[in-house]
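*Asks:* Chains as they are written, first to last, in my numbering: chain A, 1 to 226; chain B, 1 to 244.
For lysine to any residue, the following SDA-like pairs were computed, each having C-alpha atoms within a straight-line distance of at most 20 Å: (1) K155/B <-> A80/A; (2) K155/B <-> A89/A; (3) K155/B <-> R77/A; (4) K155/B <-> L215/A; (5) K155/B <-> G164/A; (6) K88/B <-> M144/B; (7) K155/B <-> I84/B.
Treat the hints as calculated values from the structure; they're not laboratory data.
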Amino acid sequence: MKSGSLAVARLVAVRHLRLPFRKPSQLIQPLMFFMIVATLFPLTLTPELSRLRDAAPGVLWVGALLSSLLALEYLYRDDAVDGTLEQFALSGQSLTWMLFAKTCTHWLLTGLPLALFAPLAAMLLGVPARAMGGLLAALALGGFAMSLVGAISAGLTLGARRGGVLLSLLTIPLTVPILIFGADATQRAIVGDPIAPPMYLLGAIAVLGVTLAPLAAAAAVRIGLE
Amino acid sequence: MNWVWFHRFGSAPWVYRFARRWAPWFGGAAVLTMLWALYGGLVLAPPDYQQKDAFRIMYVHAPSATLSLAIYSTMAIAAAVGLIWRMKVAHAAAAACAPIGAWFTVATLGTGMLWGKPMWGTYWQWDPRLTSELVLLFLYFGYMGLRAAIDDPQKADKASAVLAIVGAVNVPIIHYSVIWWNGLHQAPTKKLGADADMPWVMVWPLLLMLVAFGLYFGAIFLIRLRAELLRRERNASWIREVLS
Numbered sequence: 001m002k003s004g005s006l007a008v009a010r011l012v013a014v015r016h017l018r019l020p021f022r023k024p025s026q027l028i029q030p031l032m033f034f035m036i037v038a039t040l041f042p043l044t045l046t047p048e049l050s051r052l053r054d055a056a057p058g059v060l061w062v063g064a065l066l067s068s069l070l071a072l073e074y075l076y077r078d079d080a081v082d083g084t085l086e087q088f089a090l091s092g093q094s095l096t097w098m099l100f101a102k103t104c105t106h107w108l109l110t111g112l113p114l115a116l117f118a119p120l121a122a123m124l125l126g127v128p129a130r131a132m133g134g135l136l137a138a139l140a141l142g143g144f145a146m147s148l149v150g151a152i153s154a155g156l157t158l159g160a161r162r163g164g165v166l167l168s169l170l171t172i173p174l175t176v177p178i179l180i181f182g183a184d185a186t187q188r189a190i191v192g193d194p195i196a197p198p199m200y201l202l203g204a205i206a207v208l209g210v211t212l213a214p215l216a217a218a219a220a221v222r223i224g225l226e
Numbered sequence: 001m002n003w004v005w006f007h008r009f010g011s012a013p014w015v016y017r018f019a020r021r022w023a024p025w026f027g028g029a030a031v032l033t034m035l036w037a038l039y040g041g042l043v044l045a046p047p048d049y050q051q052k053d054a055f056r057i058m059y060v061h062a063p064s065a066t067l068s069l070a071i072y073s074t075m076a077i078a079a080a081v082g083l084i085w086r087m088k089v090a091h092a093a094a095a096a097c098a099p100i101g102a103w104f105t106v107a108t109l110g111t112g113m114l115w116g117k118p119m120w121g122t123y124w125q126w127d128p129r130l131t132s133e134l135v136l137l138f139l140y141f142g143y144m145g146l147r148a149a150i151d152d153p154q155k156a157d158k159a160s161a162v163l164a165i166v167g168a169v170n171v172p173i174i175h176y177s178v179i180w181w182n183g184l185h186q187a188p189t190k191k192l193g194a195d196a197d198m199p200w201v202m203v204w205p206l207l208l209m210l211v212a213f214g215l216y217f218g219a220i221f222l223i224r225l226r227a228e229l230l231r232r233e234r235n236a237s238w239i240r241e242v243l244s
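For reference, chain A alone in the conformation it holds in the complex (with noise of 0.2 Å):
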């Protein structure tokens, strides 16, 4: 019997919401390195704050994307291990609607913490706070695009041999719009200028992602289950 592909979604949805918080380091361990590359920019190109405010917008986003690969690393792991996508796939119900819920508590569990924690890293990079609202609503909208790409390569490479560095090769080219406009809305906030025109096209990426994304995770996870 098929129930509701939304009622199922919301299961899964409150299942992986329960779940990490048994493991908190994994919800920890990306914020921790996020923080730690931020730190290393004053170190390596210099402590003044002038300086590293013209290079925030970069550091932020590219920390972003790294630790959200890192996160990638448990979207699908730990599931695709203990038989739990494999129950997914078996169930009848719509692998799409499951993934994409599991996307979106992923989202919610890695992506909205780290742009709730990212005022905190750009302050010690010399932003200004009036610009932090920008930021945090940028890396929010860019953290859940981020997260639906990456919820298709997660699932590609759950047959391969070496997850961790295929998994970045994959996400990356296919993330560069994402951290072209994010970085563009942080830098708009950082000097003042209005961060809606960026914002825009964020929101037409995630649109977009929201619309094929899931399907693709689905058809990917389907193959790797094989």
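Given chain A, work out where chain B should sit, using these hints.
*Replies:* Below, chain B without anything else, positioned relative to chain A:
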């Protein structure tokens, strides 16, 4: 409508024989047109009044750039055909495309850098076209990396096919986002290409060179496809037949 011509492409022995028969013709035609186009481009076409002889790099650069994108599309279409109709030959064709496309991308970047030195005074500029070409190269790397990392050939075929399709959706987005990014940060650079006003004596060698590169791709593609089919079907009985 008669679909026999299409179904024949699903048969590995038929495609193998087809590739063996046509590869030399493509190769020969490629050499001839390339020589003709080179003569036109290097001898008949006058030096550009601004770029002098350096503009002639375009005769390699522009066709390479066109092919690097065209081959990615070919690969994605072949991958989609393989995924939808479960045609093994189509997957083999997609696999054969990837390294050729990557090399054309490298050629585009290399000639772009050579052209950049006399024009911009530096080998590398973050020019939007060069940048999106670089990202395209990374996409090819990802595709080949994924294929190489999965041991089961059928699984590798399907997974890389999904990646090729996702990449094909992404290529235009990347292209325009890069143009937009660059437009924000620096003034547009003068770029050679079809948009520049050029007299016919400069244009026809370019078009001919494009045809020559296309033929060259056809020849290399057919050779690689044959190798790919031999490797995949090494236990099949038809191999012994065609090789004897």
